[in-house]
Amino acid sequence: MKMKRVSVWMIALASMVIPAAMAAEQPKAGGTLTFAVAAEPASYDLHRETSFASIHPVAPHYSLLVKFNQWKYPEIEGDVAERWNISKDGLTYTFKIRKGIKFHDGSVLTAKDIKATYDKIIFPPKDVSSAREASYEMVKSVEAPDDQTLVFRLKWPAASLLANLASPWNPIYKADILAKDPHWYEKNIMGTGPFTFVEHVKGSHWVGKKNKDYFMKDRPYLDGFQAIFIRDTAARVATIRGGRALIEFRGFSPAARDDLVRAVGDKLKVQESPWLCVLTVTANTQKKPFGDARVRRALSLALDRWQGSEALSKISVVKSVGGVMRPGYEAYAATAAELAQLPGFGKDIDSSRKEARRLLKEAGIREGFEFTFKNRDVKEPYEIVGVWLIDQWRQVGLNAKHVIQETAAFTKDLRSGNFETGMDFACDFMDEPDLQLFKYVSSSKNPSNYAMYENPKLDELYEKQSRTQDPKARRAFVREFETIVVNEAFIVPTLWWHRINPHWAKVRGWNQVPSHYLNQDLRDVWLAEK
Amino acid sequence: MGATPQETVLPRVGTAPRRLPRWLAAVIWFARKKPLGTAGAVVVLLMGVGAVGAEVLAPYDPLATNYAQMLRPPSVNHWLGTDTFGRDILSRIIYGSRTALLVGFGASFLGATVGGIIGVASAYFGGRVDLVVQRLIDMVMSFPIIVLALAVVAILGSGIVNLTLAIAIPFMPRIARVVRSSALAIRETPYIDAARAMGFGHGRIIFRHMLPNVVAPFLIMITAFVGQAILLEASLSFLGLGVVEPTPAWGLMLRGAAVEFAERAPWMAIFPGLAISAGVFGFNLFGDSLRDALDPKLRTG
Amino acid sequence: MHRYIVKRFLLMIPTLLGVAVLVFLLMRVVPGDIVELRYTLEGTGVSDEFLAKERARLGLDKPIVQQFVEWMWGILRLDFGISMWTENPITEEIALRLHLSLQVAIMATLFATLLSVPLGVLAALKQDTWVDYAVRVFSIAGLAMPSFWLGILIILGLLIGFRWLPPMFFTPIWVDPWANLSQLIWPALAVGYRYSAVATRMTRSSMLEVLREDYVRTARAKGLWEQVVVVRHAMKNAMLPVITVLGLEFAFLVGGLVVTEQVFNLNGLGMLFVESIARRDYTMTQALVLLTGFTFIFVNFLVDLLYAWFDPRIRYG
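Protein chains in written order, with our numbering: chain A, 1 to 530; chain B, 1001 to 1301; chain C, 2001 to 2317.
Please keep in mind that the hints were generated in silico from the structure rather than gathered at the bench. Treat the hints with care, as some may be off.
[As the list claims (entries may be wrong)] Below 27 Å or equal to it, Euclidean Cα-Cα: the simulated DSSO-like pairs (lysine-lysine) are:
{"#": "1", "chain 1": "A", "residue 1": "K140", "chain 2": "C", "residue 2": "K2053"}
{"#": "2", "chain 1": "C", "residue 1": "K2062", "chain 2": "A", "residue 2": "K126"}
{"#": "3", "chain 1": "C", "residue 1": "K2062", "chain 2": "A", "residue 2": "K412"}
Chain A on its own, in the form it takes in the complex (with noise of 0.2 Å):
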């Protein structure tokens, strides 16, 4: 067995360094990339949606204003703008858009389209949904005052307002089909992305074909792409080992990488990095006894996260320690040492876990107290966790009953508080504390706030770092932040994501980045021939 698993790894290993060698390589044309999906959009409208399943058949109909570079993220690059210019006081955002791009039924893309699509986005009219209204609040106004010229006004300085621009949310749409049916784009694909529309078979498939009129003159590589809907998770693996699919952009279990490797051998190659989700418990303080702080704090202490790291790394998708911001992201993220001093995050799990003990007998808390813990049903990785996490409570006496629900019933109880601990998380599209941050904002503020938890203080120093302009004093308000989210603990992360892509060797041309909601579009993929 223990040889068997060291050449497993040996070959993971040498799958991704080899890679880097032959980073050099010339790609080539040609070839139709299909990939699977484990479920299917809803609607066509990523201005709506807020599933990656909209996200990954879509994104290569269209383009953004600007994007992740996804070699050098988290750099932003031009992807219709051609270069931008921010004023000194940080309110106004001028971009430059590329001359001659052109919309898949010939018509020329000017700054009207995209004005009208973020004014659909920041605006919307009364019957039109718009999921991330909220994170362009500082938004005063959208102009286009020539066809290539594009103009954003805020009312407050923001710094995170260029990133929330390449949101792979906000595909350019066509300002004349807006104008005659805002909910157009629900149903229908018109952009001006590297790939054209060709059919949803509903149920089974999703094609594309090669934009030939696309603006950038050697891409997209290859000639189409197909995406299969596959639902369960073993048939996704399965077609993937089989070869039907080449390639998955959500992220596999430890247990599906090491099979595919054992499978296809070196004509496999696995991608690793952090991921942007971490699971949370949330506790309601509205109900007893946890509106006690002490007793929030010692569920969190009651958690060994480093051993839990190790253990259940091996069997699901978590795997980094970290506090409210995602662990590797070097600007925000709580250092190793910064790390230790949170209550819960320390490794000394011996005396957290007689101060939790401490604090549950001074809250009046008797030992073999019991209480409910509510879940999802899905296996991987909120069963696992759940299992983990009574168990770790039962350490320090705590006799929790895992309460598993259906995700409509469980959505429910979370949503209307009917609950006392409850498995909640969280995935955003890139690193932003504007964004991660806005988790732990009081409910009243934050109607996904499921721990009804009121902090002024939290909410103010939220909008402090969110109008900063100062990158030192912008990560004192967020470490300060996160000290008192882990000592409060009514919303508490527990372990952070991993994600693995593996993959067929001869898709090149995608490099991983820790969000899977973020470059989509395929335009730098191509095909290699094994």
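Got chain A; can you put chains B and C on it based on the hints?
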């Protein structure tokens, strides 16, 4: 001619063979006549022993996780290997028989009893009542089991009790139908007419006179249902609608990780699947042979 | 006879109505909200106004009675409305999957019939011999094995043993028969095996009953040639309950193959069912339940007619 009683008694000592107790004789007769059924009965018995004596028989606590021993193949320490949390699979299977039998018998009994009463009552009252009840039976039967199970679980929550209820409900109309046709045959007998003429109340007639006569098909359907209930539990748990972690239950053990690790750790998928198959197998064989034995029409010779 | 047919036909209507009301109420009683499920699972910070807007679009903010009346009115005109999740017409969504589900059901039935009838008859003729035991063990194994377990074993066997995987998406049989069959034969086998188990047992016990009849015993006593003729005649009479079982199980197959479809990744009605329930897509679930309910009730109706035709006593009962 009259003989004194003493003369008709055969001398006991040394001549006639010792008589076996009646029940043992019946069992031996059954074992000889129906070897398949006996095999089935043995399996059922094993399950029962496992369920009752789980605390004594199981080598480990089925809930005890052991992250150092994750995914170990069958070995001397763990006869059937360990799962993704390091829990001993043999212990979980032994405890799982308890869940299987509880849900199996519970759902089967509940469904059959309620369904049986409905069927008999419907046959007895006849006329409009029968018509309406028949329509209700059709209605419930035309609902896919998944929908019913999901509704019960979503409204009442998951867990053994609610799962038992969710599985019992689809059984009720099916048994009601079968029992009703048996009861219809009986209703027309002079036996029942006489009871009515004597002024017995409806309830009494139904319970004391009609029900006992449908006992044979009733018992047989119960044994058949237990097997089906065990399978349904497995399917529902597989879909996530049944028993939940960390309860040891065979269907639950097949969910998720067992499939994912099927190549690396096939024992996780094989043993619970075998357990389910064996259990259902046993109940079906036993039930079949029981029916063959009880039903005078089908006896050979 | 005519009066009987009409009577049975008319009785179908209140049953269907009952099913419609029941599913409508059931969906509304079960907790969960499609709008929450669609937008709040992955997105943080989706506002309550956004959710309210979406609910209004789906008509979920109208009073329940109004929703019911509007829906029933549509059903009566055979307008099933649009799916709440995809906003596509329901008939379109169902039609896409109907072909696949029907084909699997038919293939499974064929396989089951071809397997069960000869085996069941054989077992009945050779009751209590090893042939009988072998057949019974074989068929009970089919009943005992969880179908999803069998499906997993099949896929793994194909993958590991033959390094081959069935096609992952559906092509209609007239477009590409090879791709179509190579995808659907496996689930048809897995389901058919289970299905045949039920039918085999039914055939066997039905045959046994018929073989006890006096005329059969007399024919046996008379000689071999007579026996063969009688067996054939007996079979005809024995088939009735078997056809009933096959028919009822077929009705169940069309929408009920939930777990099999999941394991083989088939885009069928069972999958649609589970998804629409999990998503609380009221209109789709209601439509599907009506569809399966109707199929079941209709098949029952046909079976009743068949029985009445064969057994005059029932017609006038």
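Hints versus structure:
1. A/K140 x C/K2053: Cα-Cα ~23 Å, so holds.
2. C/K2062 x A/K126: Distance ~18 Å between C/K2062 and A/K126 Cα, so the pair holds.
3. C/K2062 x A/K412: holds, 20 Å
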